[in-house]
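2 protein chains.
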Amino acid sequence: MHSSEVRDYMQGIGRAAQAAARILARASSAQRNTALLAVAEQLQSERQRLKEANECDQEVGRAGGLEPALLDRLGLSDARIDDMAEGLRQIAALPDPIGAVRDLHSRPSGIQVGRMRVPLGVVGIIYEARPNVTADAAGLCLKSANAVILRGGSEAIHSNQAIADCIRRGLAVSELPREAVQVVEITDRAAVGELITMDEYLDVLVPRGGKGLVERLLREATVPMIKHLDGVCHVYVDDQADPEKAARIAYNAKTQRYGTCNTMESLLIAEAIAPQLLPRLIDLYQQAGVELRGCERTRALAPAIPAATEADWRAEYLAPILAIRIVADLDEAIEHIERYGSHHTDSIVTENYTRAWRFLREVDSSSVMVNASTRFADGFEYGLGAEIGISTAKLHARGPVGLEGLTTEKYVVLGDGHIRE
Amino acid sequence: MHSSEVRDYMQGIGRAAQAAARILARASSAQRNTALLAVAEQLQSERQRLKEANECDQEVGRAGGLEPALLDRLGLSDARIDDMAEGLRQIAALPDPIGAVRDLHSRPSGIQVGRMRVPLGVVGIIYEARPNVTADAAGLCLKSANAVILRGGSEAIHSNQAIADCIRRGLAVSELPREAVQVVEITDRAAVGELITMDEYLDVLVPRGGKGLVERLLREATVPMIKHLDGVCHVYVDDQADPEKAARIAYNAKTQRYGTCNTMESLLIAEAIAPQLLPRLIDLYQQAGVELRGCERTRALAPAIPAATEADWRAEYLAPILAIRIVADLDEAIEHIERYGSHHTDSIVTENYTRAWRFLREVDSSSVMVNASTRFADGFEYGLGAEIGISTAKLHARGPVGLEGLTTEKYVVLGDGHIRE
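Here the protein sequences come in this chain order: A and B. When we follow our numbering, the leftmost residue of the first sequence carries the number 1, and every step to the right adds one. When we follow our numbering, the leftmost residue of the second sequence carries the number 1001, and every step to the right adds one.
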């Protein structure tokens, strides 16, 4: 496809999304929820077509030598189709974020001022193999009254188109415009380049993919982005920690799942408690098959552990590997987190009130915790009802992002003929 | 100055600001307020030095042919010095935005989750002639526990340095780092280029200047920005408006001040009420010396008014000029605002409940009003206590931006040994 054709195609999608966004912003809660439920029903009643389309993607993938892990993520089984439908029903059941007015209060001038929650407008989502993201992301945007442009990976194009068909039929049931959810149907890489620079049409981008994608967007995108970079998360075990809680949390934060961004990657432990606690922790980790790397002081206690390098303190392993450092005290722990962490999620284990509060206040991360596993940093665990991603940026949305992150607030002013004197 | 020297200088400022930001984030409310009051006192006790430095800027300005309006804005009289000091005392008296925890609630897992308000970190402010912005912006950043880098116009460099001296002495009184507030002391234009791309040190940019500055930043900045573009504000007078309120609001919104971004630039009026109301309004505007431009239907009522062109509907006059359009109804008014407006501030005058609510919900602007003058769109009028700017963006801060716009929230999680199952 010629680059000007890609451009025209994407611009057309952008314009249509913007027009649909205006209609969506006026649609009632009931209308949006009806559409969500209708899409869920379509997905289940059209499961045969979905599986056929998916089989087509899988064949192409196998022929093209797609890795087994990616092939697995690409798959649409009956169970996954039911999960998608169930996810949409759950989104429909959430409270409507749109239209809420807060803090309406009277001013000395006589006007009343408040803030109303409204959709952002048009959301662009860029993602990779999993076709279930198509339904999930469309559902979150529809619930929050945003139009959405979905750009999935080319390896899932047939599955995504089949899901998009179901979405369109669901929108029609509720008399919402079909352009409320659009799937980019060209796999040309230039389409992404267009999408991320269409700031006249798009209000926000949500990349749901690897670090490479986010880094490309950081360089090239002109549309603002809900971005997620590294999750280099820490647990600091204070010398006034309860050893049982410390062991439980430090073990869970590393081993409950290895590939998630809220998994602990470095363990910091106060030197006064290390001789008592660390040998036991090392034992637990080794039984779980976790490869350990330690600072000099750690290796003094456990000489078999290889030395951690500077790169280890910055590593997001996403694997059964853990770096361990013995620190003098809370100050040194905070200093380490500030220097090497990624401002994602960090936790202290302590019974000391003042240190707990200092950690909460002073550690500059999107989630800070006391006596809890970093694995809790998640939209569902926080009660957001849904998660569109986790933001490591400070502006707009920080930490797990739910429906609220897809909205903004405007000021409303109620007067009765008031003028400014 | 060589470009690598500019770079080194700015990088040094950035590093120092980041280090200061960490100390500020830990400083108590009392410590920050003490500094604010000490700076206010310094400004007043050093007024002679401030006026001498300012006289120096004024001489350079006069010699260089600076416009009289700019020379006036540059001036530091006793009254303006007292205003700066008073402004800082008012900021000190505001509630501390930092450290507040909201919505702390228990989750089924047993953890408690809430959100804590924290500083952004390092704020960069770029502004033009008015030296009082130096004290004002430094005060807002100090109150919100952010370090700030101030880059004022070269025409005010001596005044800004003298104010910066007062700020540094105030910081010292409260034992806060002097790098909490830094004024860029080189006037090289390349310094701005460095500042706006130092995303490793800066968390947000606040441009306080004309459209040219914001447009440059939109093109070149990699640091996120609280941006303000045009204020093309509308009043729509519905056919169910109270004519007295309509006349009062439409007159005030245009004539109370001409040069502000919340001044009405286009008046929309329903055709059913226009014959009754418009001649009276035209009369009022003409008495006030406002130049009018009208649509065809307006000119049918008042043939002496010249025709408005397409450019008039998009114009931010910032002057005693007004475009007037007669529209069929609310739908046409909303359509006009959507097409030509700048999403800043728009107001409807009506006694009709349903139309008032439709306008509030459907107009996608940072402030939407019923029966009130657009001139109320202002941080002080909204009760924010202070204003760092008005944002026309949708993400992070929208509309008048007070201290809250200089902060963010992080999640806090309180557990008691909780792990994820």
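None of these hints come from the bench; they were simulated from the model. Keep in mind that this is a model prediction, so the values were computed, not measured. Backbone N, C-alpha and C fix where the C-beta goes; we use that ideal spot for every residue, glycine too. Careful, some of the hints might be misleading.
[As the list claims (entries may be wrong)] Okay, the calculated beta carbon distance ranges per label pair: (1) A/45 <-> B/1351: 47 to 53 Å; (2) A/178 <-> B/1012: 51 to 57 Å; (3) A/332 <-> B/1101: 39 to 45 Å.
message = Taking 47 to 53 Å as the stated bounds, is the beta-carbon spacing between residue 45 of chain A and residue 1351 of chain B within them?
response = holds (49 Å)
Status of the given 51 to 57 Å range, CB of residue 1012 of chain B versus CB of residue 178 of chain A = holds (55 Å)
request  = Look at the Cβ atoms of residue 332 of chain A and residue 1101 of chain B and judge whether their distance stays inside 39 to 45 Å.
outcome  = violated (26 Å)
This entry does not satisfy hint 3, going by the numbered hints stated previously; all others are met.
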